[in-house]
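Number of protein chains: 4
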Amino acid sequence: MSAQVTPLLDQACLIVHGPDQPGVVAAVAALIARNNGNIVSLDQYSTDPGGGDFFQRVVFHRADLAAAKADIEADLAGTLEPFGMNWTLTDQSVPKRMAILASTSDHCLLDLLWRHRRGELPVTIPMVISNHTNTADDVRSFGVPFFHVPSQQGPDKSQSEAEILRLLEGNVDFVVLARYMQVISADFLQKVGVPVINIHHSFLPAFIGAGPYRKAKERGVKLIGATAHYVTEELDEGPIIEQDVVRVTHAETVKELQRRGADVERAVLSRAVEWHAQDRVIRHGNHTIVF
Amino acid sequence: MSAQVTPLLDQACLIVHGPDQPGVVAAVAALIARNNGNIVSLDQYSTDPGGGDFFQRVVFHRADLAAAKADIEADLAGTLEPFGMNWTLTDQSVPKRMAILASTSDHCLLDLLWRHRRGELPVTIPMVISNHTNTADDVRSFGVPFFHVPSQQGPDKSQSEAEILRLLEGNVDFVVLARYMQVISADFLQKVGVPVINIHHSFLPAFIGAGPYRKAKERGVKLIGATAHYVTEELDEGPIIEQDVVRVTHAETVKELQRRGADVERAVLSRAVEWHAQDRVIRHGNHTIVF
Amino acid sequence: MSAQVTPLLDQACLIVHGPDQPGVVAAVAALIARNNGNIVSLDQYSTDPGGGDFFQRVVFHRADLAAAKADIEADLAGTLEPFGMNWTLTDQSVPKRMAILASTSDHCLLDLLWRHRRGELPVTIPMVISNHTNTADDVRSFGVPFFHVPSQQGPDKSQSEAEILRLLEGNVDFVVLARYMQVISADFLQKVGVPVINIHHSFLPAFIGAGPYRKAKERGVKLIGATAHYVTEELDEGPIIEQDVVRVTHAETVKELQRRGADVERAVLSRAVEWHAQDRVIRHGNHTIVF
Amino acid sequence: MSAQVTPLLDQACLIVHGPDQPGVVAAVAALIARNNGNIVSLDQYSTDPGGGDFFQRVVFHRADLAAAKADIEADLAGTLEPFGMNWTLTDQSVPKRMAILASTSDHCLLDLLWRHRRGELPVTIPMVISNHTNTADDVRSFGVPFFHVPSQQGPDKSQSEAEILRLLEGNVDFVVLARYMQVISADFLQKVGVPVINIHHSFLPAFIGAGPYRKAKERGVKLIGATAHYVTEELDEGPIIEQDVVRVTHAETVKELQRRGADVERAVLSRAVEWHAQDRVIRHGNHTIVF
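Chains as they are written, first to last, in my numbering: chain A, 156 to 446; chain B, 156 to 446; chain C, 156 to 446; chain D, 156 to 446.
One thing to keep in mind: the hints can contain errors.
Unchecked claim - Straight-line Cα separation of at most 25 angstroms, DMTMM-like style, residue types lysine to aspartate or glutamate; simulated pairs:
#1 Lys224(B) / Asp203(C)
#2 Lys370(A) / Glu275(B)
#3 Lys410(D) / Glu389(B)
#4 Lys410(D) / Glu275(B)
#5 Lys370(D) / Asp399(C)
#6 Lys410(C) / Asp399(A)
#7 Lys370(A) / Asp391(A)
#8 Lys370(A) / Asp342(A)
#9 Lys370(D) / Glu388(C)
#10 Lys370(B) / Asp342(B)
#11 Lys410(D) / Asp198(C)
Unchecked claim - Some chain A residues flagged as far from chain B (calculated, every beta-carbon gap over 12 angstroms):
#12 Thr279
#13 Asp292
#14 His439
It should be emphasised that the hints constitute simulated quantities derived from the structure, not laboratory data.
All C-beta atoms, glycine included, are put in the ideal place defined by N, C-alpha and C.
Take the sequences, apply the hints, and build the full model.
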């Protein structure tokens, strides 16, 4: 009855990027063919076909992928080295492990947990960490562990961040900040070692920082929005994965903007998480290529 | 065949605004009834029913409006004075006179001229002024006078602005900057004495100033937009009338963003012009109430 | 922290409809003023100011509304009778009682329960009735009673419908079919005596009946949608309250259309429920006026 | 200043479709590489990687394409024959020749002419044919020939269709019906021998046939739309290329729906024309693949 993600047994996702040059596409396609793969989907993009940066995502089916993966990787290393291309090969039957950090707001958190239960997100969720306890029962009702790590007062977050890092270490492939209302330190970002996705409650670069709905009301905009982006050291400046907006009028109060915005936030974040989990998002400087 | 604006003979538009208080709506409705008006549409908004600012737009039909207008105005003055309300009464059969200032880009300019010819905009267009000549033939083919006023180099625009002011003086009720690529001086704004509407090629407050599509490409946004606003002394900071956006991806070049954005610009500007011409937009500090 | 619906103590909602004629607006406004009400919001619409149908929704604040309501109603009856207008006056501090009928799909059901818990819907939910049991635990975790009423095989639904009617009788003000996969009989509709809102998984009137996502795939549309409407005896032909769409491409499978459509369905249904609960929707023949 | 379509000198567009099978992508990529082509963009889609239909669009740059085209075609014939694939190779520096058929409405017609003048559509426009004369001057002001072919009364359109066919024969690569208000006969379609694109003023399959805005008003929909599709013998049943919608309310009259819909019509048609002209649209039964 539910619209589950198709099981991706024996499907590999190959990401290739590097300097654009003739022959790369043919070399990759030939490699997949000689390794008995059948291409399921293929997307590519070049910033400039005459010497720019090249990005490719190929999903292919290969019987007994797990057994063949090492050989394919060896072939890739040999084939793509002369081109100077970077590549990664992932087995799509292995879901990424996603930790969620949250605060008191539950709309993004519950939407991710519910979509996961429906089979819409190809991830496992080993834990939810919150600096508040109000969502603990809801989270656990989905069969997901909940850890409470209170925030410290003042600028020194090092102790709570250290506790979060201990929980995450070795257990997750990426982290989602689902309206987590603490600024992440540069030190945390460096130590966590996996991508961190945030949802910001404005259409960036408008209304950076705290209180975007209040700022939107003050400026009198006719659209409010939300932005999912990778977290970098500079607040709200990381590569944007997805954005969307909704129309508003003079008549909405700040509270009503928050409420209408919450629907946009959860929709935008769920798309960004799905695309990241499917290896559809490639970071390129401060940009993303989304296939 | 065409979807013309209904002729609004004998229709008056009353705008009332001031401190919200009990009895204003009843007083206005009673006034219209005793002056033999029949209400066609009524919109109102209060920033706070308990002592905020109140805004109302009432369109009513009154046979022989032109003859009765002075009496209705006298009644309004007497009726609304005790409430301390501001009001304006306009005869909707008298179209507003709109001047268009343009530069080389023709998409917003031609869209306004087309819509006017189709009967979609309740305005007359006494003139188009441009600091370039490339659109002269197109403009004149619509039967609209075209004046070329070259821009001066450097910061001193006083001579060309003076020439524009001489052309506009007494001839127009509002001015539209249809991608006019010159910054308007505070002195011009003060002297022109009528509302000036601008179309900015971004979803403000993102990407204020020059080159918003280039900035959008650099930031890697997934939506680009346009904003119509009243011009004030501070660049791109005036009250927003209307905004809209369109989705883009990593693959669009700056030129392609400009092209896709042009469609949003002309759509947003035409809505703002229509609403302004119909007295649907009330300025309130740096905000607009759009009925 | 949550964006709760403002408590609407002492706020009344007056709906007036009937033949358009001069003086109605003034009569209503004067009535509210003399009953010490302060108008909070006012919307009106006429199908034709020269003799069409008139619709008005006025929300006003009146201290001690509960005590004054009978007097105001008496005044309304006397005032509006000469105009031949219909009217209803509701106390907005009294939430409507909403029953939800569901089947196995949980997306619309859970979205309504979440929004209700967040304080977004001005209703109480006395019961959820389903012809399946899979959502029982989820529903009860929100503190809402769950009743299982299995469907009969074949065309004779009279026994299960009778059981549902016994549960609803006297307990609810309206019923929501949240992807309830049984066709409601004309007999049920007549006996239930309260409005019934359905969410149909297509942009009606396209794809009436069963399997709209499959039909959409077969027709090759580039947009899929959802429609919330009041249920009438003719399947999928009732007055439309709200609709929305989402873009799709050739690449989506029927399952993926179902999944993307589910997001539209729950958004559209939640808006329709909110507006109905706030007395914003007026039925007029097979149309709705939505203020 | 204008956002012109990049000149596509020495760029070829290869369309491949047929039964999906391992090795096709590699064979095509190898062929392009050995013919000294550099892939600019590549899109592909399979209805089912395990034995469905496969579609691919590859744009590649090849110095001196005109001189090399015959050799590449011979290579394609030899390479793809064993796979049983269909293919076409087009030189993107050769714009398609587009005829426009129109009636009295000018919004779609003028929008196409204007976009063409801006350099947004990679086509030439050898003629506009209309069964009315009102747009003659406008069309000719764009430097485009205008031919008036009156429609016959009654069901026998054979004489006017014959005249249109004589004008088109040998002169055009595709035909656009820009709100041409005559039903095309099956005989015409067969004889014209090139694709015919129509814009229908509803979101098909809703409101097939005449008067869709009136039907939309009668049904009380909250969205109106437009659909661009290839014309087939069955009215409004051809493969859909593009669709879009705009929100409306109870308050819009049929005339206002027409006006708001006109903006959607011209936007949808211009996208369909651009995509068709760029060989982005592949017909597949009654569906389209749009890359």
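Hint check:
no.	hint	result
1	Lys224(B) / Asp203(C)	23 angstroms, holds
2	Lys370(A) / Glu275(B)	35 angstroms, violated
3	Lys410(D) / Glu389(B)	40 angstroms, violated
4	Lys410(D) / Glu275(B)	11 angstroms, holds
5	Lys370(D) / Asp399(C)	18 angstroms, holds
6	Lys410(C) / Asp399(A)	24 angstroms, holds
7	Lys370(A) / Asp391(A)	15 angstroms, holds
8	Lys370(A) / Asp342(A)	29 angstroms, violated
9	Lys370(D) / Glu388(C)	21 angstroms, holds
10	Lys370(B) / Asp342(B)	29 angstroms, violated
11	Lys410(D) / Asp198(C)	23 angstroms, holds
12	Thr279	27 angstroms, holds
13	Asp292	35 angstroms, holds
14	His439	8 angstroms, violated
Violation of the numbered hints given earlier is confined to hints 2, 3, 8, 10 and 14; the remaining hints are satisfied by the structure.
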